[in-house]
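Chemist: Starting from the known structure of chain A, arrange chain B on it as the hints suggest.
Protein chains: 2
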Amino acid sequence: MTCPTTKPGMLNVHLLPHTHDDVGWLKTVDQYYYGILSDVQHASVQYILDSVIASLLKNPARRFIYVEMAFFSRWWKHQSSVTQDTVRNLVRQGRLEFVNGGWVMNDEAATHYGAIVDQMTLGLRFLQDTFGSDGLPRVAWHIDPFGHSREQASLFAQMGFDGFFLGRIDYQDKSNRKKMLKMEELWRASESLKPPAADLFTGVLPNNYNPPKDLCWDVLCTDPPIVDDPQSPEFNAKKLVNYFLKLASSQKKYYRTNHTVMTMGSDFQYENANMWFKNMDKLIRLVNEQYLRSVKKDDFFPYADGPHMFWTGYFSSRPALKRYERLSYNFLQVCNQLEALVGPRANVGPYGSGDSAPLKEAMAVLQHHDAVSGTAKQNVVNDYAKQLAAGWGPCEVLVSNALARLSQSKQNFSFCRELNISICPVSQTSEQFRVTLYNPLGRKVDRMVRLPVGDGNFFVKDPNNKSVPSNVVMVPSSYSKTYQWELLFPASVPALGFSTYSVTKVSGRNYQAGNLLGWLRKPKSRVLVIENKYIRATFDSGTGLLMKIENLEQNLSLDVSQGFFWYNASTGDGKSSQASGAYIFRPGGRRPRPVSRWAQISFVKTDLVQEVHQNFSAWCSQVIRLYKGQRHLELEWTVGPIPVNDYWGKEVISRFDTPMKTKGQFFTDSNGREILKRRDDYRPTWTLNQTEPVAGNYYPVNTRIYITLMVHRRLLVDDQRGVGEALLETDTGDKVRGRHLVILSSVSDAAARHRLLAEQEVLAPQMVLAQGSSSPYRSQAAPKMQFSGLRQELPPQVHLLTLARWSSKMLLLRLEHQFAVNEDSNRNLSSPVTLNVEGPISYPAPSTLDPTSVTLRPMEIRTFLASVQWQEAN
Amino acid sequence: MTCPTTKPGMLNVHLLPHTHDDVGWLKTVDQYYYGILSDVQHASVQYILDSVIASLLKNPARRFIYVEMAFFSRWWKHQSSVTQDTVRNLVRQGRLEFVNGGWVMNDEAATHYGAIVDQMTLGLRFLQDTFGSDGLPRVAWHIDPFGHSREQASLFAQMGFDGFFLGRIDYQDKSNRKKMLKMEELWRASESLKPPAADLFTGVLPNNYNPPKDLCWDVLCTDPPIVDDPQSPEFNAKKLVNYFLKLASSQKKYYRTNHTVMTMGSDFQYENANMWFKNMDKLIRLVNEQYLRSVKKDDFFPYADGPHMFWTGYFSSRPALKRYERLSYNFLQVCNQLEALVGPRANVGPYGSGDSAPLKEAMAVLQHHDAVSGTAKQNVVNDYAKQLAAGWGPCEVLVSNALARLSQSKQNFSFCRELNISICPVSQTSEQFRVTLYNPLGRKVDRMVRLPVGDGNFFVKDPNNKSVPSNVVMVPSSYSKTYQWELLFPASVPALGFSTYSVTKVSGRNYQAGNLLGWLRKPKSRVLVIENKYIRATFDSGTGLLMKIENLEQNLSLDVSQGFFWYNASTGDGKSSQASGAYIFRPGGRRPRPVSRWAQISFVKTDLVQEVHQNFSAWCSQVIRLYKGQRHLELEWTVGPIPVNDYWGKEVISRFDTPMKTKGQFFTDSNGREILKRRDDYRPTWTLNQTEPVAGNYYPVNTRIYITLMVHRRLLVDDQRGVGEALLETDTGDKVRGRHLVILSSVSDAAARHRLLAEQEVLAPQMVLAQGSSSPYRSQAAPKMQFSGLRQELPPQVHLLTLARWSSKMLLLRLEHQFAVNEDSNRNLSSPVTLNVEGPISYPAPSTLDPTSVTLRPMEIRTFLASVQWQEAN
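Just so you know, the sequences run in chain order A and B. Take 1 as the starting number for the first sequence in full-length UniProt numbering and just add one per residue. Take 1 as the starting number for the second sequence in full-length UniProt numbering and just add one per residue.
Check before you lean on any hint, since a few could be wrong.
Identical copies carry no separate label here, and so any pair may be met within one copy or between two of them.
[Claimed, not checked] Lysine-lysine pairs mimicking DSS-like chemistry, simulated, CA-CA at most 25 angstroms apart:
hint : residue 1 : residue 2
1    : 278       : 58
2    : 213       : 179
3    : 466       : 444
4    : 677       : 297
5    : 58        : 77
6    : 386       : 238
These are calculated hints, taken from the structure and not from any lab test.
Only chain A is shown next, with the shape it has when bound in the complex (with noise of 0.2 angstroms):
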């Protein structure tokens, strides 16, 4: 940050006048931004920049640093030039600094680091296009995030940033820290890149980001102001500044260095930004930071602030909204690489003006640390939902328009936004649609295809025009009061392209070949088997329970039993007040209840699936699933609305039993990304004295791995920490469906099939229907049923992070390497490759500066602008 010069020798107080800005909690975005709803909470974005930018103006010792592009950038729209060019000014000057300048301050539990990527891209490129180089920040700010992972830290090393501060660490962990003299430190954020980069200058902020006790000189506090006129009774301006001196010398001792840090501000402050400044003008003696030695491998959750207070608990809150956010991220990558492969003419078409930005700001808002975190009200989670549909409307346009474009013909698309509860109108009541799915991915896919549909007998035909097997197969009673079927058939859709499947209804009850009809059946003996030539799952016919799972190709066995079980949502206890909330995991105790001990079964078995249904209980139940060709076991379940009607809050778990010796060791993913060792009861820093042992031990899952995974929770009393309701949802979050993928597998194979089932899962194919067929669209020549936007399938170790218009004339590209080191023995995946992106040549030996040749090694991604002309309609 800009400071004034500092004195050696001196101890050097720097006072960070700062705003905290959720974009959204207790309120909308929009709410907070003009300040609507001040009885639920007082804060106004617009009259705090307002109101920022005049006091700067008043003082050039002044500085002040702002945080929220998502914020920032609407305000910026309302200014006049005038304003802007002062603005611009106070940039240039130093005297407004950004410092993240994302376009919120993301969560780092249940983010996706490609969404992470997406939403920090959108603030920054915003600040440079406003301000060129004098916007960039040169510090990482998450001084509110509920525990960090360490993939942000690693994003952020990569992103060019110079240091990392943070606000919540784990209340021992920072009295350890203060003790070691380790409040800051050099975190090394991966395993695999090469140092330095992915190491961060870290530090941990000495109060969060509060200003210090009495100190608080704003519209929201209640501090007392400096009195420094001596006649006054209220005369106060000594008696604050020995305590001030006194305070930053005892704050001093947890340094290292000469330097010592006060946030002076906090949640929404500043909105009268003169009460700072006038009180601040007094006692400002700003200097720079300097480094510190000391190195941190790990990650910093999960986070406590206190005995029995574990904020593990939004790992799992509202699910729903956590699972359309992974959704709208699928959607918007395929939104984008479409707007990147057709140009223009995605954006205005033959449906209308379509557009990727709403979708992009909706998903960057839905990053922030209340959003997909499920911490904000119930209202203002809604809203987030809301955004995220208003940014479906014109990316759906968007993927329209390309499609009949790079297809070269008008369907009346339909994109069935509710398959999750087996509605798609065109599906279920069309004698003939077609599908097209466009797989946002590097490398051709493989697909089941599953689409509800009414009764009766279907022809699929490929996109040569070939007849494709498929079966209708009833869904399990527990999702329909009425009987309910749904069509299957395999699908194949090459890189970065499409594929259009035609299905046509034969009427009548019609049994053929292809066209196989599962009704759901009772097993009848003991045991019950489904499998397929990959897996074998076997269940107990008697509790209904899965017993054992076989890797048949590996020649592997695991017993394992899988079941659901619930922890009571402590209200507070002897030992503790704490309850448990959307913050917080707190069980009443140390064993969960099952939900039942055993589940009624039914099964399906066709030649494309085998499925067994387990009935739980009224608001529980499960479908367990192997597809033909699916080497992974497929848990899919539903549960809600939980019921509270006997007062207590309910956590649900899906808990797996199995006789591995794992000595309390298991691994989890880093936002998605790369892998860290985790160990019950411990922490690789300082001795952890453990108050909470099922809490404590939980960690946030993206894409991988665990023993016992939260599903669910619906709690009746709140955590006290601030969002002021309990987590109680109804409506649209009541009920949840999820699927857990389970993999076993050898070590040297288990990567391999991890990294890119994960891929498959977090980018899986977008699927569009059109009733009929279709009609030409601007050239006389045949539809197209199918496309590649890829000359040759990236290799498996490559993911294709992002393909995005980034201005008129040039696209965004990033790639990655998906694998970390040493990861995968089987197949050398984690090797570093290069690729050529012009051509199938490769050179011999490529310089990492060739921007024709790219090498990635392990866990790296590269970030590229290409010059694009797209080519007329051929």
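Modeler: Coordinates of chain B only, in the frame set by chain A:
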């Protein structure tokens, strides 16, 4: 106010941006100014003014009005000369305008008109000195006081205001005015002054002083700001504009012109003025006011804001503070006069630096409508008292310097501030001491001096060294636990001058002539009589109560019984939840309960005084007294601490029962000046629906009359008017003593009696004691024991309202005709009177423009600035 051009034929909506800054209420003045104790009330005037100025600078179309000079002048002092110049420009351009412009917005019920004039002078003078004529307010603005006195309107008219805006008037009155289109009318505020001298355009604001519902855009409000972005889910601009227009036209219906006003602001608003202005900028269309025709002649007391909600409690709330304010008024006039008479040597002299400014400012602050009204929080009341006490100090030095100068002697002056509790170390312990009495009136006064002394004999000598009769009498047993004595002697003090008396203690119990010792005795016959040449009062020895008063001069006799009663303060009942509190008087029933049906009595009779001491209870006693030569009966009551351990709040009254046939009519003064006729259960301008037969007939009384008088109150619950504290004084306020002076007189003589008596009570001689004898000061001449600042006494019609130094070469002089027209028929005191202010020779036909000859008509106040040159000591 300075408004843009209006549009004839259209509805013109005047948006009036304003802040209402109480000079003390829930917080002290300094706490409000700086913004201390935000948890008590979020309010900080320093930030309000900072913010308003900044916002005005942003847009030349913006306007603001400011009211309270106590705050503004302080803020002004803290500004740089650059800011001061900027503000001067804003004032010159009419963008910042002052209204009212007094030091405070004074209370209208409990204030004395002299103090009102003083506090307005302090504020207006600051404006004149700072901004010249640009700064002078054109309208008066009393939008919060709890009822409005006619005298206030008269004074404002005489000060030259063009209009007067009111906020609070009785809800029935307001409803009637709306119906009758009398929300604006001409107030003819004096029956004596010739129209239009006391005529003032008076407008009742539509919504007290608050913004219309839903249009409050302050940091303290929760109304949504205008969202004019149609894309925002919070878009509301259209709805708000429609609402505003509807509101304006429905509001306009109650006014006769095409103009309607909306007060855009409230208590301590505009701390972040940008919020208000940013939203108002979209709505502003300011226009000019117009006058109306109907005429009001009465006042706006009592004020009720709903059935059962009469704001008549504050007439008596905190009687100790009210008394202290009156004493301070008296002392300030003495201080002012001596400063004027002596010049700079009063400020710097043998006693140090004397200064009248602190007491002037403290007294101005005390006029605030939450100060002398008794409606501030207890700690704020304590601060008010502290401010007065702090003001007394430098005035005492000034008075000492002045008396030394005028008497040409230096004495050990001592100001006995605790005479009310019979404490004065000098008189109680000295063998010899002097008593100097300064008389601030334009006429000589004769007065009984009363000083606490030790038991013994005293010789008293007058200024001419002649012996003066004196008595030592016992004080009532209820005053003190031990025997306690007070010395009495008659003194005479010349106009605007002083007399010094010498007192010498005679050792031993030497009962000699002129020093009769008055022991308390018990009555022995059935009736007890006290009397002097003019009055006889008769008591029933059985009940101990007053039975009869006789005017021996006029041969009048009135049966009158007097005693103390209390109302059980309502805490709400079935009719209304309204409780009695600091503002509201609401007795629990119509009939008060007697403190006691009888009193224990004893009496004192000496040649100088006759007293009956009544003891009603442990916390209620009274002395009824007749001094030699006194034409009124004095009733000095002592009440408190009012017991509330029965959990009943109590409102204690002194009730006079007489067989007089008054038809419910009575008369009360208006701020101690003109008199208004009252009638039980009646309002002159509308048909009253009386909901509170007791509280609804209470009127403020400052100097005269009544049938029942509330003397003290102690309440256990708050009355929900914002102060948030029960009126439950402890410590300084719990025990209070007061005096009622009763005159029994013929109508023709009454005015002369009560006018001149009130004048003497309000401006009593100031007593200064000095131990030992005097030493010469700056001259070898003998000390002067007597002095008068006037060559000739003023005639009885003329009251010297103000004599004070205005500047180093100017004096401020206010002369007042203190009789109303037709009030005195006996001595023709209600006629105009002409004074020659230069010398004893009166011109035969003086022009009113001739400054040396001043004609005063009944109730007229005339103000002069006079050049002055102080003589060096002769």
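Chemist: So which of the earlier hints does this model not fit?
Modeler: none
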